[in-house]
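Student: First to last, the sequence lines map onto chains A and B.
First residue of the first sequence: -4, per this note's numbering; consecutive thereafter.
First residue of the second sequence: 15, per this note's numbering; consecutive thereafter.
It is possible that some hints are incorrect.
[To be verified] Dumping the calculated DSS-like pairs for lysine-lysine here, alpha-carbon to alpha-carbon at most 25 Å:
1) A:Lys129 x A:Lys67
2) A:Lys68 x B:Lys134
3) A:Lys179 x A:Lys138
4) A:Lys138 x B:Lys291
5) A:Lys187 x A:Lys120
6) A:Lys207 x A:Lys218
7) A:Lys162 x A:Lys218
8) A:Lys67 x A:Lys162
9) A:Lys67 x B:Lys291
[Unchecked claim] Quick look at which bits of chain A chain B covers, simulated, 3 or more residues with Cβ under 8 Å:
10) 2 to 15
11) 75 to 81
12) 107 to 114
[Claimed, not checked] Anything over 10 Å on all C-beta distances counts as not near chain B; from chain A, calculated:
13) Glu23
14) Gly35
15) Met48
16) Asp59
17) Lys67
18) Tyr137
19) Ser177
20) Asn190
21) His201
22) Ser237
Derived by calculation from the structure, the hints in this document are not laboratory data.
C-beta atoms are modelled at their ideal positions from N, C-alpha and C, and glycine is treated no differently.
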Amino acid sequence: MSLLQVEGLGKYYNQQTKVLKDINFEVESGEFISIIGPSGAGKSSLLRCINRMVDISEGHVVFDGEDVGSMKKSELRRLRTNIGMIFQHYNLVPRLTVIENVLHGRFGYKSTLQGVLGRFTEDEKEKAFELLGKLGIADHAYKRCDQLSGGQQQRVGICRALIQEPKLILCDEPIASLDPNSSKIIMDYLRKITNEMGITCLVNLHQVDVAKEYADRIIGLNKGEIVFDGPSNMLYEDRIESIYGIQKRELITV
Amino acid sequence: MESNQLTVPVLIKRKRNGRINIRSGNKVDIVIKSTIWILALLTVMAFFFFDYTGLQWERAITETAYNLKVMFLEPALSHFSFSEAIHQVGITLGLGFLATILGAIIAFFLALMAAENLSKPIVSKIVRMLVAYIRAVPTVLWVLIFAIAAGLGSEAAVLGMLFHSVAYLVKAFSESFEEVNPGIIEALRATGSSWWHIVIHGVVPSTFTYMLSWTFLRFEINFSVAVAMGAAAGAGGIGFELFMASGFYFDLREVGFITYAILAIAVVLEIMSTRLKNRYFSNSANA
Ligand SMILES: Nc1ncnc2c1ncn2[C@@H]1O[C@H](COP(=O)(O)OP(=O)(O)OP(=O)(O)O)[C@@H](O)[C@H]1O
Ligand SMILES: [Mg+2]
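Okay, chain A solo, but in the shape it has when bound (with noise of 0.2 Å):
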């Protein structure tokens, strides 16, 4: 059985507009799948909508035989221990040290006052320093955040999700704000823990060619709907034209 199914998934924020419409795609485990559609098409949110970081308002989202829509509470951190985020800004806590940041993915299995006393076990930071040091910056690790350059502080939000061991791992346009030298060591890496570690990822971008590089398949979405879903050898001219609306050539590209 596939790792995730998308049936017939509809989102609002409010009654005008429908910001997703009918959308239905399945994920095998271990593929590298990315998002593309213009601004506004609905791709954070369609992240968002599969751990449930806003509510789900029409079909269903089946993640590992599971139904996200209709879980609660605890089965949600549950759920969300199993799926990585990953996103554009980072969100890391600044003031904090890099190796406080990346334990920061084990709250979900911690109880209340486990996690609020800081109680992690001598494995888990084994592994955070091990995480830190598969993406190179375990120099950093005493190092207040605010004081890393952006990628090496988006490394330090790759480790956090993979410490948390998901099964998957959403991106939401994890290089948006790098250089093209740092974007392409953060993709190498995305790519690396899907083709090493087997877990699967779901990367939003603006790129198409770092997209066509990089995934095996690729999602086009325009109007929260979508109008293309193949392998990215497939995604020709024409198509990024009707994802896009309009002409390749007019789009920057990187």
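Knowing the structure of chain A, use the given hints to seat chain B with the ligands on it.
Tutor: Below, chain B with the ligands alone, put in the same frame as chain A:
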């Protein structure tokens, strides 16, 4: 310049003398201006309505000057010793400190309930309204209200100051909570963190220095309120001595001494808070 004027003539607002106006000239501006003018007019008019019978300008001025001279140039203690004075200042500081610390702790929890990004809208509204009501009543009044139950004295003073401090700090704290980057809260929520995890490991580290500064600022306020309460509510401390010296013994020298003592403490507190702010707020500017 000429060509500019030709292209956007409608957008530029001009004063009557033809100079370009850079204020938008909105309602708020007008209201503020007219309020200030009316207040100024009333102040000037008031001088014409005072009762000046029996007032001898010359005597009034020379005697006031003499009193001030005695008070501030010849301060001395006559009714109690220097160490006693230190002790009394300590009591006043203690009153202020107690009210501030207890107030800060209570305010922290209430502010969590008042912050819109951490609480339910209805809870947040109720706490805000309650707190706004408490804040609207002056501290002195709260002390007198508590004096009904606890009797005039330090208990009523601390309770009254505590009440007002809580209300003040809830507003300050909850506003800084609301300024926490929503992304931080979202990211923690997405890891499966519970509400308390988010508060303790996301919100508190991001706002700690603000809370510290606000608490210290409130301590400065509470110190001066505690002086006043010593006099007005018999809460003891240096304020009570001040009240006795001025209203009971008419001892100007002692009043002068006590004033200097209070001033010294106020200066020390001010220096400390400036240091604190420089240390922490300069950091947060980098953040
Ligand atoms: N919390 C919210 N409340 C109300 N409307 C929202 C909310 N979040 C998003 N929207 C609306 O939903 C629509 C889709 O937003 P979404 O952020 O999902 O788009 P997006 O594809 O991620 O865009 P971008 O590429 O600019 O990030 C937008 O029109 C937006 O105004
Ligand atoms: Mg978005």
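Student: Please go over all the hints and tell whether each is borne out by the structure.
Tutor: Quick rundown of the hints versus the structure:
1. A:Lys129 x A:Lys67: Violated: Lys129 (chain A) and Lys67 (chain A) sit about 35 Å apart, past 25 Å.
2. A:Lys68 x B:Lys134: 15 Å, holds
3. A:Lys179 x A:Lys138: Holds - the C-alpha atoms of Lys138 (chain A) and Lys179 (chain A) are around 24 Å apart, at most 25 Å.
4. A:Lys138 x B:Lys291: 22 Å, holds
5. A:Lys187 x A:Lys120: It holds: about 22 Å lies between the C-alpha atoms, which stays within 25 Å.
6. A:Lys207 x A:Lys218: 21 Å, holds
7. A:Lys162 x A:Lys218: Violated: Lys162 (chain A) and Lys218 (chain A) sit about 29 Å apart, past 25 Å.
8. A:Lys67 x A:Lys162: 20 Å, holds
9. A:Lys67 x B:Lys291: 44 Å, violated
10. 2 to 15: Three-residue rule not met by the segment 2 to 15 of chain A, so violated; n is 0.
11. 75 to 81: holds (count 5)
12. 107 to 114: holds (count 4)
13. Glu23: 23 Å, holds
14. Gly35: Consistent with the label, Gly35 (chain A) stays out of reach of chain B, its closest Cβ about 19 Å off (over 10 Å).
15. Met48: Met48 (chain A) not clear of chain B: closest Cβ-Cβ about 6 Å, inside 10 Å.
16. Asp59: The assertion about Asp59 (chain A) holds, with a minimum of 14 Å to chain B.
17. Lys67: 14 Å, holds
18. Tyr137: Consistent with the label, Tyr137 (chain A) stays out of reach of chain B, its closest Cβ about 15 Å off (over 10 Å).
19. Ser177: 19 Å, holds
20. Asn190: 24 Å, holds
21. His201: His201 (chain A) clear of chain B: closest Cβ-Cβ about 18 Å, beyond 10 Å.
22. Ser237: 32 Å, holds
Going down the numbered hints, you'll see the structure goes against 1, 7, 9, 10, 15, while the others check out.
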